[in-house]
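**Q** Chains as they are written, first to last, in numbering that gives the first Met the number 0: chain A, 0 to 442; chain B, 0 to 442.
Note that these hints are calculated values from the structure, not bench results.
Even for Gly, the Cβ is constructed at its ideal location relative to N, Cα and C.
Some hints could be false.
Computed Cβ-Cβ distance ranges for the label pairs, DEER-style [as the list claims (entries may be wrong)]:
1. A:Gln-220 - B:Asn-56: 44 to 50 Å
2. A:Thr-421 - B:Asp-44: 30 to 36 Å
3. A:Arg-406 - B:Ser-86: 54 to 60 Å
4. B:Ser-86 - A:Asn-56: 29 to 35 Å
5. A:Leu-424 - B:Arg-285: 47 to 53 Å
6. A:Lys-325 - B:Ser-205: 52 to 58 Å
7. B:Val-357 - A:Ser-422: 57 to 63 Å
8. B:Gly-175 - A:Thr-441: 37 to 43 Å
9. B:Glu-85 - A:Gly-155: 55 to 61 Å
There are 2 protein chains.
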Amino acid sequence: MVDLLIARCDVLRRDKAGAYRVERNCDIAIEGNRIAAILPAGQIDVQQSRELLNASNMLAIPGLINTHTHAAMVLFRGLAEDVSIESWFNDYIWPLESNEEPEDIYWGTLLAIAEMIQSGVTTFADHYFFADQIAQAVADSGVRAHLGWAVFGHEGIAKLDETVAFAQRWQGGAGGRINTWLAPHSPYLCDPAFLKATAQRAQAHSIGIHIHCSETPEQVQLSLQRYGVTPPAMLHQAGVLSVPVLLAHGIAVTDDDIAILKDHDVAVAQCPKTYMKLAMGTAPVRAFREAGIPVSIGTDGAVSSNTLDVLEQMRLLALDQKQAAKLSTILTVQEVLEIAFDGGARALRAPELGILEVGKLADVVLLRQDGAHVFPPYDSLAHLVYAFRSGDVDTVICDGRLLMRNRCLLTVDLERVKAEITSRLQRLSQRVVERRIASYPTG
Amino acid sequence: MVDLLIARCDVLRRDKAGAYRVERNCDIAIEGNRIAAILPAGQIDVQQSRELLNASNMLAIPGLINTHTHAAMVLFRGLAEDVSIESWFNDYIWPLESNEEPEDIYWGTLLAIAEMIQSGVTTFADHYFFADQIAQAVADSGVRAHLGWAVFGHEGIAKLDETVAFAQRWQGGAGGRINTWLAPHSPYLCDPAFLKATAQRAQAHSIGIHIHCSETPEQVQLSLQRYGVTPPAMLHQAGVLSVPVLLAHGIAVTDDDIAILKDHDVAVAQCPKTYMKLAMGTAPVRAFREAGIPVSIGTDGAVSSNTLDVLEQMRLLALDQKQAAKLSTILTVQEVLEIAFDGGARALRAPELGILEVGKLADVVLLRQDGAHVFPPYDSLAHLVYAFRSGDVDTVICDGRLLMRNRCLLTVDLERVKAEITSRLQRLSQRVVERRIASYPTG
C-alpha cells in the first residue's frame, strides 16, 4: 500500500554516471518514510494509494540540505548590517547573544524552521546554544536536523561535558530525524587542550565534530603566531580529525591544509552569502573538489546571510567562484547540483539523503514551474541553479510527512511563533557591548 | 475623487536628507496616474475613493526600475551556461538571434514583461531588435519602458536611420509610458564614423543614447590597439557623449574614463549577476559614486543573468562590491536603495519615477511581509536588500493602473504567451554558429 502518491511531476534524478537530469511526468510513491517507486506517470495504481498529491507542472527535487547554520540567530536578523567581521562579532552578535534564554531558542529555531520549510530545506546542521530547545523544535516541526551544542573553550570542560550529554540524549531522536555532533566553536576560541578533550569524547562516544575553521587570513596568521601551525593542522594535532568532521568555511586554507582535510575525510560547508557580505574572501572550492573533499552548502546564520535560503546560496557559490577565478566555465550547473545534493548528504554522512531514488528517505520538495522566470523549459537544471527562487517552493515532504502544501505550513503555527518572538524582541535586541559571551581575537 | 486607495501599508519613503526609511501604516491615494496623497492610515476618506485596496502588512515601494536589459532574450533562457564570454556571443547568442523574426520579439517581450511584473519591475530600459514589437508589447501590457532599437555598425547608416525613425515614431507612446533612445551596440561593434552618425542624429532629434561600453579589460585593449583611446574616450571623440547617455556596464574603465563620464553627465547601469556569471570583473561603483556619476541597476538579458529580477541584482551588487573591495562596510543598505530607486530614475532622466511622493507617477509595488524570512521586522530596509525576494511581490501598479493583484497578472495572458512561444521554440533554438548576426572581436 502506497501512503502518498505524488502524481505527474518532473523529477530531478541522477544517472549512473553521476549526471543530474530531469525525468518528465513521473509518479513518486512513498511508503512510510521511504521512496517506494519512481515510475512514468500512470504506472502506479491510484486505488492502492492512501493519499494522492497532484503535482502536475511541478519539479520534484530532493529536500534541500543546509549543512551549516545557527538557526535561532533569525532572532537578530537585520541587526548587524554593513559592519566589519570584528565589529560583527564583538559589537553585535556576542553582545546580543548574551540576552538569550533557553525558551527564546525554541521559538527562534521554530521561526528558522518555518523559513527553511518555505524555502525547501528539509535537513539542517545547526551549531548553536541551548540545543535541547533546538531538538524539541525539530521534533515538533517534523524536519530533519544534525545538531551540535556550540561551546567555547573558555566555558570549560564541565560545559563541554554538558554538550556531550546533549549529544547522547538526542542521538537518533525525533523518530530518527535527529543526529547529534559535538560543536566546539573554532580553533580561535577553543585552545588545543579543550579541543583535545573534545576529540577524546567524540571518539569515546562515536560522535562527529562540527566546527568553524580558517574563516579569514587573519585567523590563520593568529594561529601561526599562537600555535605555530594553521588552524586545520592544529585541529589535526588535537586529534579532532580522527572523528567525522564537518568543517565550516575553510576560506583561508593552504595547500597543506587541503591535504590534511583530504587525508582525514573532512567535509567542508560553504556559505558564500556570508563570505561576500562580510568580505571574507572566496574558498578554494575547486581545489577541495579536485582533492576529493566533499563540499556542501550552508546558509550560516541569518545575521550574516539574512536568509536561510539554500537555493540562493547555491547560486551565489557558482557566481562568487566564477568571479573570483575570472573563469566562467568553472562550477558548472552539474557541479553546483552535485555540491548541493550529493555534497550535502556526504557532509552529514547521511547517504539516504540528497537523492530521489527507491529506498532512500522520502524528503521531497515540489517547485512550481508556472512562473514566467522559469520559461521556456529548455534546461530545468540551469533554471534550478540560476532562475528558481524559494518563492517557487509549493510542497515540502520530510520523512514521508507533508510539512507544507500549496505554500501553507502544516506543522508550524507561524503566527504563534511570531507572537512569542515579538514579546521577546525588546529584551533580545538590547545591545550592551561589554556584556558579550565571547571576544573575537584580533592578534 | 481618489481613483485608487492603497490602505494600511508600510511605505518606503525618502527624507529631506536623502535617507530611506519606512513609514508604518499609511494610506496612499492615487488620482489618475499620479500619487495624490500619502498619509497616516485612516485620514483619507474611503467614501471618496473609487477603488480600495487593502494592503495590511504589505510594504509599498516604488516600482523597480530595470535600466538595462534585452527583454526578449528570455526566448533563449538556459541555452548558454558555463561558457566564456567570447563563446557566449559567438557560439550561442548571435547564432540564436539569427533565428528571430519580428513577431517572436512581441511574444518574447511579453514573457519578459510578465516576469518583470511578477518581480515588481514597472519600468525597463530595453536595448534590442524589432523595437516596434517591443513597443507594442509595452503598450499592451501597461508597463513603462525606455526603448532603443539595437544596431551594429556593420548594418550601415540606412539601418541606423530606421532605428531613428522608430525612436521618433514611439517617443511618448503608449500614453506617455514609452520613451525612446538610440541604441548603437558598443564601441567594439560600431566604428567611429557610425557612432558619429548616431550622435549627429541623436542631437538633431533630441534623443538619448543607450550603449554598452568597457565590459572587459580585453575590450579596452582592443580599443587602444584599434583607435589609440579607451572606449569612453572614443565615444567622446565621436560626439556620443554630447547627448544624454545611459552606459551599460563600464567594468573596465580607467580613472580618466570616469572623469570623461562625469563631465558629460553619463549614467552607468550595473548588472552584477551577468558580470559574476561570465566572470567579467567588478565595476568601480564606489569611484563612480564618488565622482557623482549616477549608478543604477539592470538585469541584462536572461541568457546571461537567467532572470529579470532587480531585487536579486540589488543584492548581488552589494555582495560583489563588498567581496571585490575586501571591505564589508561599503555599499551600505542605504546606498543600495539609492542606486536602485534614485539611481534608476536618474539613469533614465525620469525624475518622476523611483520615489513615492505626492505628484510623482503612481508606480507602486506591494511586497508581502508575512514570510518567515522577513521576520522580525527590526530593519525593513536591510530586509529589502538582503531578505525579500521577488516571490514576495503581491501587487503591482504602473501609471496608476493595477497590473498584478494577489500575484495574479491582470494585463498579460501568460498561458497564451507561453503557448505562442512554445510553437516557436524549435525554430528559435536552432544553433548554426556560422549564421550569426555579429562576431565578437578578440583582437
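**Q** Take the hints in turn and mark each one as holding or not.
**A** Right, here's what the structure says about each hint:
A C-beta distance of roughly 48 Å is found between A:Gln-220 and B:Asn-56, which places it inside the suggested range of 44 to 50 Å. In this structure the supplied range 30 to 36 Å holds for A:Thr-421 paired with B:Asp-44, their Cβ-Cβ distance being about 32 Å. At about 39 Å, the beta-carbon gap between A:Arg-406 and B:Ser-86 misses the expected band of 54 to 60 Å. Between B:Ser-86 and A:Asn-56 the Cβ separation comes to about 33 Å, which falls inside the hinted range of 29 to 35 Å.
Take A:Leu-424 and B:Arg-285: their Cβ atoms lie about 34 Å apart, and the range 47 to 53 Å is violated. Under the hint 52 to 58 Å, the C-beta atoms of A:Lys-325 and B:Ser-205, about 41 Å apart, miss the expected range. In this structure the hint that B:Val-357 and A:Ser-422 lie 57 to 63 Å apart at CB is violated, the actual value being about 37 Å. Range check, B:Gly-175 to A:Thr-441: Cβ separation about 57 Å, and the 37 to 43 Å hint is violated.
In this structure the supplied range 55 to 61 Å holds for B:Glu-85 paired with A:Gly-155, their Cβ-Cβ distance being about 59 Å.
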